[in-house]
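Enquirer: Use the sequences and the hints to build the structure in full.
If you count by full-length UniProt numbering, then the sequence shown holds residues 1 to 528, one letter each, in order.
Among the clues, some could well be false.
[Claimed, not checked] Cut-off 25 angstroms, straight-line C-alpha distance, at most; resulting in silico cross-link-like pairs (DSS-like, lysine-lysine): (1) Lys520 - Lys51; (2) Lys461 - Lys434; (3) Lys51 - Lys450; (4) Lys307 - Lys434.
[Claimed, not checked] Label-pair restraints from in silico Cβ distances: (5) Leu451 - Pro42: 38 to 46 angstroms; (6) Gly519 - Glu388: 25 to 33 angstroms; (7) Asp181 - Gly88: 17 to 25 angstroms; (8) Thr161 - Ala268: 21 to 29 angstroms; (9) Glu53 - Leu311: 42 to 50 angstroms; (10) Val119 - Gly88: 40 to 48 angstroms; (11) Arg47 - Ala152: 25 to 33 angstroms; (12) Gly516 - Thr466: 30 to 38 angstroms; (13) Pro131 - Glu452: 43 to 51 angstroms; (14) Asp181 - Glu429: 47 to 55 angstroms.
These aren't lab readings, by the way, just hints derived from the structure by calculation. From the three backbone atoms N, C-alpha and C, an ideal C-beta is built for every residue, glycine too.
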Amino acid sequence: MKPRRRELLSALAALPFVGGCRWPRRASENAQGSAPPEGLSPILTPRPGRKAEGAPAWVVDTHAHFFNASDVPVEGFLAGPVAHSRSGVSRTLIRALAPLAGRIASLAPTADEEIKELVGMARNHAVMGLPPEASETVLHQRRAEFLKRQSAFFFEVVRGTEFETIYNDAAPASFTQGGVDGNLGPDTMAMVFQATETGGLVEPMSDGAAQGGGAYREGVVGFVGYMLSYRWMNLLAYQQSFTTGDQAFGVDRVFASLVDFDYWLAPAALSSQESQIALHQLLSVLSNGYMRPLVAYNPWSAVLDPKRVRLRVADAIERRGFVGIKIYPPNGFRPLVNPDVHPMRPGIPSGAALERELTAMWNIAQRLDVPVMAHGASTMGLDDLHDEYASPQGWTQALMKLDSPRVNIGHFGGDDLEGWSAGFAALMEAGAGKNLYGDTGYWENLRCGKLESCIARDQLKRIFETHAVLNARLMYGSDWHMLSQERAWARYPSEILRATRDFINPESLFGGNAIGCFGKAAQPPPVS
1 MKPRRRELLS ALAALPFVGG CRWPRRASEN AQGSAPPEGL SPILTPRPGR
51 KAEGAPAWVV DTHAHFFNAS DVPVEGFLAG PVAHSRSGVS RTLIRALAPL
101 AGRIASLAPT ADEEIKELVG MARNHAVMGL PPEASETVLH QRRAEFLKRQ
151 SAFFFEVVRG TEFETIYNDA APASFTQGGV DGNLGPDTMA MVFQATETGG
201 LVEPMSDGAA QGGGAYREGV VGFVGYMLSY RWMNLLAYQQ SFTTGDQAFG
251 VDRVFASLVD FDYWLAPAAL SSQESQIALH QLLSVLSNGY MRPLVAYNPW
301 SAVLDPKRVR LRVADAIERR GFVGIKIYPP NGFRPLVNPD VHPMRPGIPS
351 GAALERELTA MWNIAQRLDV PVMAHGASTM GLDDLHDEYA SPQGWTQALM
401 KLDSPRVNIG HFGGDDLEGW SAGFAALMEA GAGKNLYGDT GYWENLRCGK
451 LESCIARDQL KRIFETHAVL NARLMYGSDW HMLSQERAWA RYPSEILRAT
501 RDFINPESLF GGNAIGCFGK AAQPPPVS
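Expert: See below:
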């Protein structure tokens with residue numbers, strides 16, 4: 001590399017970050033936001049990646065997220081749905097972290113700050129005419145510098161607290177499983193990233209590690225680390241682990257869903273939905289369509305301001321390249337029919353009001369010809385009652401009243417023995433469910449050590465034998481970054497392939513079925 005080019009790259013990598021440690025801010029109100037400016041270098045476009053042995057030629061991840069702590073009501077999110085859905089030391093650590101959530105959220109860059117950061121970087125790279133490999137080097141350098149700082153900031157927040165004590169008392173996982181030896185320190189978070197973002201195709205985990213594997217304290221630190229990061233950095237980590245890295249599986253496209261927990265959880269998120277939409281549009285443009293977003297819809301928000309929410313959702317799809325709508329029934333609503341909403345505090349909308357706004361959402365999806373994706377497992381509610389709002393029963397009632405919408409049931413009912421997968425598969429065979437799909441997002445129990453003793457695999461295989469329609473309806477999904485709580489998560493797609501390839505065509509699971517659900521958005525680019 002020429003000395004002048006080396007100096008320029010070093011200068012770019014050393015540019016100050018817009019975000020970082022700060023006092024909490026008010027949520028922004030970025031109207032509908034403006035389109036990305038012209039003349040930006042597509043700095044987040046991944047270089048041609050590798051393909052793992054057996055990986056299909058075209059791989060679509062239909063279920064991922066790239067939000068951070070400023071995008072959600074982080075205290076309520078950690079103490080409520082995240083802790084409710086975990087067990088063991090992970091749950092204990094998350095609950096110990098929740099009282100510190102305000103300080104943690106203040107470390108995370110807001111969407112508006114990130115837009116400014118990204119536009120500046122993309123403009124600088126365009127002016128300099130940097131080739132893609134040089135841009136990638138700069139981005140990784142900036143991320144490494146930022147993570148080192150955030151790791152130290154995080155340690156300062158939790159030092160001397162119950163979280164530190166619980167973490168230090170728990171046994172570390174092995175390095176090959178994403179573990180970090182020793183007590184919590186200023187560099188622990190950065191070391192967890194190093195341990196987990198590599199090794200996607202090394203040997204399968206043992207039965208113990210794959211299926212429940214005991215405590216995994218490092219998973220909480222890694223998950224929080226992504227919550228403190230720029231979203232572009234999380235997208236870069238995803239690309240490195242699943243697309244471009246030496247041991248990547250070969251993901252070609254990823255659909256990233258926004259979430260809207262406003263009013264259900266408190267306190268309010270620091271980044272408005274409008275700003276999050278504008279940022280994800282920019283991320284999609286700068287990645288040249290590698291990442292394609294889904295807009296969040298929360299009927300609780302729509303009851304309070306129906307015009308604004310409806311316009312926001314339609315605008316994201318019509319003008320900003322969003323490819324679907326994401327709803328979250330464990331927020332406290334069924335997908336359409338809500339006769340018996342159980343209030344937990346004053347101000348919760350009536351069932352009739354929820355149904356009115358959900359009907360409006362379904363009408364938008366039909367008019368704009370996009371699918372609706374929904375959380376579809378008995379997890380991520382505030383409690384067991386809220387979990388039930390995502391059940392097959394509620395979907396049966398909804399689909400009987402709707403005109404065969406395209407729907408992706410995220411998590412396809414869940415992978416536990418009491419999961420709803422069989423119920424959703426039966427609904428797919430009914431006339432009302434003729435456009436119903438599901439994905440494999442966060443099926444941790446399908447990460448089999450020995451296939452012959454993998455209960456979740458046997459369960460899924462039996463459902464396939466009973467419901468042949470699944471061959472055309474089940475899609476690959478990871479649910480990253482929620483998946484980052486798991487040990488050795490970079491192996492996930494190769495483990496799903498290994499567990500399922502004798503009863504579903506990998507070409508269908510990893511790409512073909514996504515085209516049926518998402519249409520052109522999931523199709524590979526034309527061969528030039």
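Enquirer: If a hint holds in the structure, say so; if it does not, say that too.
Expert: Results for each hint:
| no. | hint | result |
| --- | --- | --- |
| 1 | Lys520 - Lys51 | 23 angstroms, holds |
| 2 | Lys461 - Lys434 | 21 angstroms, holds |
| 3 | Lys51 - Lys450 | 24 angstroms, holds |
| 4 | Lys307 - Lys434 | 31 angstroms, violated |
| 5 | Leu451 - Pro42: 38 to 46 angstroms | 41 angstroms, holds |
| 6 | Gly519 - Glu388: 25 to 33 angstroms | 31 angstroms, holds |
| 7 | Asp181 - Gly88: 17 to 25 angstroms | 20 angstroms, holds |
| 8 | Thr161 - Ala268: 21 to 29 angstroms | 24 angstroms, holds |
| 9 | Glu53 - Leu311: 42 to 50 angstroms | 48 angstroms, holds |
| 10 | Val119 - Gly88: 40 to 48 angstroms | 43 angstroms, holds |
| 11 | Arg47 - Ala152: 25 to 33 angstroms | 31 angstroms, holds |
| 12 | Gly516 - Thr466: 30 to 38 angstroms | 21 angstroms, violated |
| 13 | Pro131 - Glu452: 43 to 51 angstroms | 49 angstroms, holds |
| 14 | Asp181 - Glu429: 47 to 55 angstroms | 51 angstroms, holds |
Figure legend: structure checked against the earlier numbered hints; hints not met, in rising order: 4, 12.
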